[in-house]
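Be aware that the sequence shown starts at 10, since it is given in my numbering, and climbs by one per residue.
Just to be clear, a hint being listed does not mean it is correct.
[Said to hold, decoys possible] For lysine to any residue, the following SDA-like pairs were computed, each having C-alpha atoms within a straight-line distance of at most 20 Å:
| # | residue 1 | residue 2 |
| --- | --- | --- |
| 1 | Lys64 | Gln107 |
| 2 | Lys150 | Glu133 |
| 3 | Lys64 | Arg124 |
| 4 | Lys64 | Glu53 |
| 5 | Lys150 | Gly86 |
| 6 | Lys150 | Asp121 |
| 7 | Lys64 | Asp121 |
| 8 | Lys150 | Val101 |
| 9 | Lys150 | Ala103 |
| 10 | Lys64 | Glu85 |
[Stated by the list, open to error] The calculated label-pair distances, taken between Cβ atoms and stated as ranges, are:
| # | residue 1 | residue 2 | range |
| --- | --- | --- | --- |
| 11 | Phe43 | Arg144 | 18 to 28 Å |
| 12 | Glu22 | Tyr148 | 31 to 41 Å |
| 13 | Gly160 | Gly92 | 13 to 23 Å |
| 14 | Glu22 | Gly63 | 15 to 25 Å |
| 15 | Asp90 | Leu70 | 15 to 25 Å |
| 16 | Ala132 | Gly41 | 37 to 47 Å |
| 17 | Gly147 | Met10 | 40 to 50 Å |
| 18 | Glu53 | Met10 | 25 to 35 Å |
| 19 | Glu53 | Gly130 | 24 to 34 Å |
| 20 | Glu28 | Ala132 | 33 to 43 Å |
| 21 | Asp90 | Val20 | 12 to 22 Å |
No lab work stands behind these hints: they were computed from the structure.
Source: prediction; values computed, not measured.
Yeah, the Cβ is synthetic: ideal placement off N, Cα and C, and Gly gets one too.
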Amino acid sequence: MNVTCTVNGIVREADSIWEGESLLYMLRERLGLFGSKNACEQGECGSCSVYLDGKLVCACLVLAGQAEGREVVTVEGLGADGGLHPIQQAFVEAGAVQCGFCTPGLVVATHDLLRRHPHPGDAEIREALAGNICRCTGYAKIIDAVNLAAGEP
């Protein structure tokens, strides 16, 4: 089967999709968008977080066929004109990027949080990022990055 959807503002078509193929596999292996990471394949780690029609989802849990005719935004689609999105820049400035495996999912989850709550408290940040696992940090710098992106001290 073929899947046609809008990915990061561009209509894309993926050919020869098998019925059980995940949206994550389609994005990475068929469309060459490697930002979303393949870690747990069970929706537990958040490394593959993307937007599907404006809703935050784990791309490993969505079938590629479910994206037919829909809009997908990945971490690559957040920045403009090849530059970093302010959230991505905040992660760099706060030192919240270590191995980088969890970072794309954390950035997309932070984007989702800040569009809903532009100035969240630490408890809201922790709740919003609870579905994202980072094995390298104690999360302090990640929370600092979210606060920096939100314009908080």
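Hints and how they fare:
| no. | hint | result |
| --- | --- | --- |
| 1 | Lys64 with Gln107 | 27 Å, violated |
| 2 | Lys150 with Glu133 | 16 Å, holds |
| 3 | Lys64 with Arg124 | 12 Å, holds |
| 4 | Lys64 with Glu53 | 17 Å, holds |
| 5 | Lys150 with Gly86 | 24 Å, violated |
| 6 | Lys150 with Asp121 | 18 Å, holds |
| 7 | Lys64 with Asp121 | 8 Å, holds |
| 8 | Lys150 with Val101 | 10 Å, holds |
| 9 | Lys150 with Ala103 | 6 Å, holds |
| 10 | Lys64 with Glu85 | 16 Å, holds |
| 11 | Phe43 with Arg144: 18 to 28 Å | 19 Å, holds |
| 12 | Glu22 with Tyr148: 31 to 41 Å | 39 Å, holds |
| 13 | Gly160 with Gly92: 13 to 23 Å | 19 Å, holds |
| 14 | Glu22 with Gly63: 15 to 25 Å | 21 Å, holds |
| 15 | Asp90 with Leu70: 15 to 25 Å | 31 Å, violated |
| 16 | Ala132 with Gly41: 37 to 47 Å | 38 Å, holds |
| 17 | Gly147 with Met10: 40 to 50 Å | 44 Å, holds |
| 18 | Glu53 with Met10: 25 to 35 Å | 28 Å, holds |
| 19 | Glu53 with Gly130: 24 to 34 Å | 25 Å, holds |
| 20 | Glu28 with Ala132: 33 to 43 Å | 41 Å, holds |
| 21 | Asp90 with Val20: 12 to 22 Å | 20 Å, holds |
Of the numbered hints listed earlier, those contradicted by the structure are 1, 5 and 15.
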